[in-house]
Amino acid sequence: MSAITDKPTRINQLDALESESIFIIREVVAECKKVALLFSGGKDSAVLLKLAEKAFYPTPLPLTLLHIDTGHNYPEALSFRDKRAAECGAELVVRSVEDSIAQGRVQLASEDASRNAAQSVTLVDAISELGFDALLGGARRDEEKARAKERVFSHRDAFGSWNPKAQRPEPWTLYNARLKPNENVRVFPISNWTEIDIWHYIARENLELPPLYYTHKREVVRRGHQLWPVTHLTPPRPGDRIETLSVRYRTVGDMSCTCPVESIADNPEAIIAETLATSISERGATRMDDATDEASMELRKREGYF
Amino acid sequence: MGAPDRNPVRPAAGTDVLRFVTAGSVDDGKSTLIGRLLFDTQSIPSDQLVALKDASRRRGRGELDLALLTDGLEAEREQGITIDVAYRYFSTTKRHFVIADTPGHEQYTRNMVTGASNADCAVLLVDARRGILRQTRRHAFVCALLAVPHLVIAVNKMDLFEFDEKVFRTIEKDLRHLALELGAPDPIVIPVSSLLGDNIVTRSAQTPWYQGQTLLEVLETVDPARLDYAFRLPVQRVARQTGTLAIGRWHDFRGYQGQIAAGSVAVGDEVGVYPGGRRSTVKAVYAPGGEVSRAGAPSSITLELETQIDISRGSLIGSIETPPQESDAIIADLCWFSERAYDPRRRLLIKHMTRTERVVIEEIEYGIDIETLSKVAAPESFSQNDLGRVQLRAAKPLAFDLYRENRTTGAFILIDEASNETVAAGMIFSSALQG
Ligand SMILES: Nc1nc2c(ncn2[C@@H]2O[C@H](COP(=O)(O)OP(=O)(O)O)[C@@H](O)[C@H]2O)c(=O)[nH]1
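Protein chains in written order, with my numbering: chain A, 11 to 316; chain B, 2 to 436.
Pulled out of the complex, with its shape left as it was, chain A reads as follows:
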């Protein structure tokens, strides 16, 4: 540990967010029996994991890392996931949508259809198999309309369903994590962070991320205001013009439904500058499935989505 530093009593917004998140993470671990942190290797879950490490320092992380692998993840994200899991010393459990498909628990419209919705089934199965009563997730309220009303402690029934009307009020910071058997609570410690806060934190803490988040050359096709990556899951359509551009990902999700943005930013500060200058939202720029359906997130959440 470095030299003792004096800290002013007034703390700035990023410190306040950090302390709020640590408070929430500690509440979950204190009130619940078996806690998992959903870790995909994406930037929000990387921030969440860092906050969890800080929350319990200098003692070991009292939680399990859980990843629901859609089988459509970028290999760079998976190797980062494994590396970070090994570093932090917590157990990493991976459950895959492929297995759910093989078991007939999930039926996809087609082989390369988006597995975003399908992962709800695998997630709910993993929760009951492993007996988790609390799951920490990196969702933020600024991402999407249905998230703006999400509680920090989001109560789910045994089927993982979210019922907007049955959510518990959260005055002050008095979270109610009491559960009946087989129920679970999804907890969002970074609810109040925005995309720009995440990048400020990554810069300040010098957090490592998968290289996909920084500029790299990639073959893409322009569709509307989005750039669709050329992958085996999203092959070019007849007549498409393939371009090789300098791009980066703003979110690293399922390969079949996440788009990169044009960028030459190769470090967090450059990304902050770009994010402040851009006027398009994170989801708008990057998610193939959301542009079409305003209510799609709300629907997925009712079905047990995170």
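Keep in mind the hints are simulated off the structure, nothing from the lab. None of the values given here were measured: they were computed from a predicted structure. Don't be surprised by glycine CBs; every beta carbon is placed ideally from N, CA and C. One or more hints might be untrue.
As the list claims (entries may be wrong) - Simulated DEER-style distance windows between Cβ atoms:
| hint | chain 1 | residue 1 | chain 2 | residue 2 | range |
| --- | --- | --- | --- | --- | --- |
| 1 | B | Asp370 | A | Ala119 | 32 to 42 Å |
| 2 | A | His235 | B | Gly291 | 42 to 52 Å |
| 3 | B | Arg59 | A | Pro221 | 38 to 48 Å |
| 4 | A | Ala168 | B | Gly291 | 40 to 50 Å |
Stated by the list, open to error - Subject to a maximum C-alpha distance of 25 Å in a straight line, what follows is the list of computed SDA-like cross-link-like pairs (lysine to any residue):
| hint | chain 1 | residue 1 | chain 2 | residue 2 |
| --- | --- | --- | --- | --- |
| 5 | A | Lys43 | B | Ile312 |
| 6 | A | Lys93 | A | Glu279 |
| 7 | B | Lys54 | A | Glu153 |
| 8 | B | Lys397 | B | Thr373 |
| 9 | A | Lys60 | A | Ala119 |
| 10 | A | Lys159 | B | Ile45 |
| 11 | A | Lys44 | B | Gln242 |
| 12 | A | Lys43 | A | Val103 |
Claimed, not checked - Under 8 Å between C-beta atoms, here's a sample of chain A residues computed to sit facing chain B:
| hint | residue |
| --- | --- |
| 13 | Ser29 |
| 14 | Val39 |
| 15 | Ala40 |
| 16 | Asp152 |
| 17 | Asp250 |
Following the hints, position chain B with the ligand against chain A.
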């Protein structure tokens, strides 16, 4: 008036955050006001703006209806009302903002309570045509009850009166009188048109008679600082390091983890552990960034003490000069949240900071008639959204401060032990006389 032609606003590094709650009666123009605030501060991403224009046209609401921006969940749209608190974020060069947008519908007092509980400031809307409504009175009352430090009232739709000063002054006078009557902070009253943007972000040319600040200017400058209270650290958990892993510095490590609720603490300070008041000295303080010699609210810290005393989740570590009160019997103001009315046969728990204990409501002293805001002697029960004052007795003594002195250590929720539902929010008014 369109969006002002200037560069999108940028938060400066190290700026602070203001949390404010918005409330108004249905149709007073709250959605339009929030949409206007976000639009004029260039906080709406371009794709959402496109979606907003589409939705406006689709639903026959003109080119751009800013009210649709905050339009909520499908379940809400079906009923045509907002049912839940929504949180929104934006920033300017001066500050970061968190809006707790609470629904206007009468039956959702509980959401106003939730939104106001963490707010540094409340923005209430009044429709210039309708003046002060029952809802306005109720919202101001809740702000006073929840001890929201600042009150701003936007008198909206001034465009319908050609920005007539007389209309505004009459309503303003009534509002000041109302705040005084309810014990709410003296309000900042602003004549606005959310529809046209007057005095929201840009100063209106239509109100030369108004010398005050725009709504955004007020929000950028009100002081969110709390008073400098005595040190309070509710203990969330005890971190222990034992076994073979624990070597050197961390041998036999025992750290008390929590978020500082008030004041600050430094290495060498003598502190008390409440309830009980046993004392020890601070050996080390760990903040999220590492070891520090002093930390203050709202930092989440780990505290090491010189001596090992019995401390567990629910203990309150605090100042010895200004200790908290201790009692198992308290008098408190309640807002009943549950759809199920209060039933004395059901078992209740109190969650007060990090402590959960069994509790009973020994007596309902009075209820508040939400129509007249007058006291109703000893009602039998509470229904959803009812407010009132009660006497509680907890199974074990609690260490607390009065809510008006500390909004963290003076607040609690009640939980139904069988259903696990959060049934009420409470604010400690005083300790009850023993016996
Ligand atoms: N003339 C005028 N109409 C307004 C103003 N603000 C809102 N409105 C209209 O009042 C109605 C209700 O507004 P809305 O924002 O949906 O109200 P809410 O129910 O309080 O959220 C809508 O038809 C708005 O266009 C204003 O400043 N002037």
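### Distance restraint evaluation - Ala168 of chain A, Gly291 of chain B, Cβ atoms, bounds 40 to 50 Å
This hint holds: roughly 42 Å between Cβ atoms.
### Task
Let me know if the C-beta of Asp250 of chain A comes in closer than 8 Å to any C-beta of chain B, holds or violated.
Nearest chain B Cβ about 22 Å off; hint violated.
### Message
What's the verdict on Lys54 of chain B and Glu153 of chain A, does the C-alpha distance respect the 25 Å limit or exceed it?
### Response
Distance ~19 Å between Lys54 of chain B and Glu153 of chain A Cα, so the pair holds.
### Message
Lys44 of chain A and Gln242 of chain B were given as a pair; does the straight-line alpha-carbon distance stay at or below 25 Å?
### Response
Holds, because 19 Å separates the two Cα atoms, which is no more than 25 Å.
### Query
Does the structure keep Lys60 of chain A and Ala119 of chain A at a Cα separation of 25 Å or less?
37 Å, violated
### Task
With respect to the beta-carbon atoms only, verify the hint that Asp370 of chain B and Ala119 of chain A lie 32 to 42 Å apart.
At 57 Å between Cβs, range violated.
### Task
Sort out whether Ile312 of chain B lies within 25 Å of Lys43 of chain A, counting only the CA atoms.
The hint holds at about 21 Å.
### Query
Taking the closest Cβ pair, is Asp152 of chain A under 8 Å from chain B?
5 Å, holds
### Task
Hold the hint about Val39 of chain A up to the distance rule: shortest CB distance to chain B must be less than 8 Å.
Nearest chain B Cβ about 7 Å off; hint holds.
### Query
Taking the beta carbons of Arg59 of chain B and Pro221 of chain A, is their distance inside 38 to 48 Å?
41 Å, holds
### Query
Taken at face value, is the distance from the CA of Ile45 of chain B to the CA of Lys159 of chain A at most 25 Å?
18 Å, holds
### Message
Just to be careful, I want the Cα atoms of Lys397 of chain B and Thr373 of chain B compared with a cutoff of 25 Å; is the pair within it?
### Response
Distance of about 37 Å is beyond 25 Å: violated.
Violation of the numbered hints given earlier is confined to hints 1, 8, 9 and 17; the remaining hints are satisfied by the structure.
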